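Number of protein chains: 2
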Amino acid sequence: MEEELKGMVEDLQVLKGSLATLEKRVQNVTSLAKTTPTRRSKVKDMSSEVIDSNPYSRLMALQRMGIVENYEQIRDFSVAIVGVGGVGSVAAEMLTRCGIGRLLLYDYDTVELANMNRLFFRPEQVGMTKTDAAVHTLSEINPDVVLESYTMNITTVKGFETFTESLQNKKFSTSKHGTGVDLVLSCVDNYEARMAVNQACNELGQTWMESGVSEDAVSGHIQLLVPGETACFACAPPLVVASGVDERTLKREGVCAASLPTTMGVVAGLLVQNTLKYLLGFGQVSPYLGYNSLKDFFPTMEMKPNPQCSNSACLNRQKEYILAKPARDASAKAKMEAEASSQTEGPLHLDNEWNISVVDDSEIEGSTSNKSDALPEGLVRELPISDNYENKMIPVETNAVTDDLDYLRKQLDALNAD
Amino acid sequence: MEEELKGMVEDLQVLKGSLATLEKRVQNVTSLAKTTPTRRSKVKDMSSEVIDSNPYSRLMALQRMGIVENYEQIRDFSVAIVGVGGVGSVAAEMLTRCGIGRLLLYDYDTVELANMNRLFFRPEQVGMTKTDAAVHTLSEINPDVVLESYTMNITTVKGFETFTESLQNKKFSTSKHGTGVDLVLSCVDNYEARMAVNQACNELGQTWMESGVSEDAVSGHIQLLVPGETACFACAPPLVVASGVDERTLKREGVCAASLPTTMGVVAGLLVQNTLKYLLGFGQVSPYLGYNSLKDFFPTMEMKPNPQCSNSACLNRQKEYILAKPARDASAKAKMEAEASSQTEGPLHLDNEWNISVVDDSEIEGSTSNKSDALPEGLVRELPISDNYENKMIPVETNAVTDDLDYLRKQLDALNAD
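Going line by line, the protein sequences match chains H and S. For our numbering, count along the first sequence from 1 and bump the result up by 50. For our numbering, count along the second sequence from 1 and bump the result up by 50.
Just chain H, with the same shape it has in the complex (with noise of 0.2 Å):
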């Protein structure tokens, strides 16, 4: 027994050796699955200072190279993302990490290998839905942004109405603007669901991007709209669209439509460089840029809104934006005059001796022919005021070189080759 009684007590030392060294596996597993998603923490203020851990080095930096006079107030703005897929989620990508404050992103789609070919969500996220997937994705990348998730479908009656909702919530918005979002990019792949985005903005006259690209992938084109002041989706559908028919149903006869990496990325690029461009007031932003990727050929123009157009909503935005005229030339005028009394402030030129200066000529004009003035009795304009006519629907080439014939050329090449 006194054997026995010693084997007890070895055994009793190995159980206790193997509990002691299961104890140190676990502490180990353990600080390894904490370690392993370094999360970058939140930062107060952005920095200018040039350290590798300032996340925000490069884009203040804009600021010092004398691009954008505020870089930091991209941190008030929200924007709206309708369509989280091949152009959306880069599109959102992009400006989380320019630190954008709110992104609203809207998709009902999950996500599958077969969307692998273009850039943003990984194998892994298969199966997840589109936004939470963007939003899991995208707050590693940067956590200072607001992210709110809407999966749902805005072309059935309870997703518009969602929709529209959330865009007017109040609760993030510095209130300077009429919704609560700064602007709204389009970045669906399909007609029903542009009609959507349209019929939204122009209930509310809020402002918007449009995009999208060809079915064959080499095309694609960004749109701004302005409601009442351009052309709505309504007032003329774009040149380069998806032919409108439901993915799904294509799907469903064992055909896709195809798609790059590279056009969508162009395209979500061009997209968001025009958002910085509008939010933050630098440079000049387009009113309609194409891409055309077999020729490397960017087409631009320029589409007023068409007074016969079938969106009731646009009409009325179109009226308001009439009657505001006047105001709006005031502004404009009183802008103008602000700009050249500072000017004129000092001699033009420090070397100027004699004081010489240029008198404008559109004041002189304008005090000789008044445009709103009634004509006499007994005549007619032979052609319609500028009043009227400027509301009718022209597209304008803002290249002015329409009147170059190999420039024309080239356009129509480029157009058929789609």
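Check each hint, because a few of them may be wrong.
Copies of one chain are not kept apart here, so a pair can be met inside one copy or by any two copies together.
[Claimed, not checked] Calculated cross-link-like contacts (lysine-lysine; reagent style DSSO-like; alpha-carbon spacing at most 30 Å):
id: 1; residue 1: Lys56; residue 2: Lys66
id: 2; residue 1: Lys345; residue 2: Lys385
id: 3; residue 1: Lys92; residue 2: Lys208
id: 4; residue 1: Lys375; residue 2: Lys345
id: 5; residue 1: Lys369; residue 2: Lys220
id: 6; residue 1: Lys383; residue 2: Lys345
id: 7; residue 1: Lys94; residue 2: Lys354
id: 8; residue 1: Lys375; residue 2: Lys385
id: 9; residue 1: Lys385; residue 2: Lys94
id: 10; residue 1: Lys345; residue 2: Lys66
id: 11; residue 1: Lys56; residue 2: Lys345
Hints were generated in silico from the structure; no laboratory data involved. Quick caveat: nothing in here was measured; it's all calculated off a predicted structure.
Position chain S relative to chain H; hints supplied.
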């Protein structure tokens, strides 16, 4: 003692229960650790089947759309990317998602939080080398791509040697090409590294593409360089480049270049789109394409090699190109004749009742004036003959609108805006 023995039996039962629970927990943790990173499995052949689980369906659709003749040959190509920063990393991700055969990545830098304002790298990768972090992410996205990581500086003597050796490794190559890679993409941020890529490619006769983004983050460019045929980087530096000052020097002074995910995403997209066009043979590859984001202006041009280039390898390639001219002309002529004869097999239009045909002017001209003919004694040419002239550096506007003053003014404005 009977009590004690009973207690010991009970203690053992409790211990057994705890061990069983512990064993179950270890099993659970093991299965959890296994399932978290679901990797997509390798795919043997690229299928065009339209199912959610096919990562290549949207790429193979390019064939059905008539854009690409044989998409799957992308698996035969090797592309080297020098510089895995804001442009290079996105270019690598695009090519990986497109299913490129093999990618060679070169960089000596590590990931920092200061890189988070551009796409691709994530905060949890901070401290890793850019090449290792990229290989990790890319292999998860698409395990079909062969990835080679070179963590080194190609501007050192040893680095340059390893670089040129790795470009010549033909183990993957289908050996139709001179080196072991089909294209080199330069995505570096300084002049010294560009000159190193230029030197290597001139020595090897390797076609490459240059890319760059300006220090103020709002413009960029891509350029195709074919040794001997087009200007090399030393023949004439591109219009828009980073200033050439080493980034590390700038950092020391507490100053850094600005950067934006948008500009870099667009440049990467244009670069890889032209890579796909070059490799898969569709559309037109741009010799030079600029991107001025403030005006959404995209200048194009073409540059011939400089016969006074300071780079001796470039001069050697130029000589070879001139020597190969007769062979090139003969093959071009044979191709044209083959096309012409296949066209004349039937009438041009099915309803061409009177068999009207168009006589080719160029053939008649060609028979009356023979450019390579020696002049009769006593006569000298007033202007250099085309054979000599074509090798002088002549910037050529591909748009053929050089006579349009508006267009020129716009180009100048855009360049001044940088």
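Results of checking the hints against the structure:
1. Lys56 x Lys66: Both. Shortest intra-copy (15 Å) and inter-copy (22 Å) distances satisfy the 30 Å Cα cut-off.
2. Lys345 x Lys385: between (42 Å within a copy, 23 Å between copies)
3. Lys92 x Lys208: Close neither inside one copy (35 Å) nor across copies (42 Å); limit 30 Å.
4. Lys375 x Lys345: between (41 Å within a copy, 27 Å between copies)
5. Lys369 x Lys220: within (26 Å within a copy, 69 Å between copies)
6. Lys383 x Lys345: Classified as between: cross-chain Cα gap 25 Å, same-chain 42 Å, threshold 30 Å.
7. Lys94 x Lys354: neither (43 Å within a copy, 52 Å between copies)
8. Lys375 x Lys385: Cα proximity of Lys375 and Lys385: one copy only (15 Å, versus 63 Å across).
9. Lys385 x Lys94: The answer is neither: 36 Å in one copy and 66 Å across copies each exceed 30 Å.
10. Lys345 x Lys66: neither (75 Å within a copy, 74 Å between copies)
11. Lys56 x Lys345: Neither way: Lys56 and Lys345 sit 89 Å apart in one copy and 89 Å across, limit 30 Å.
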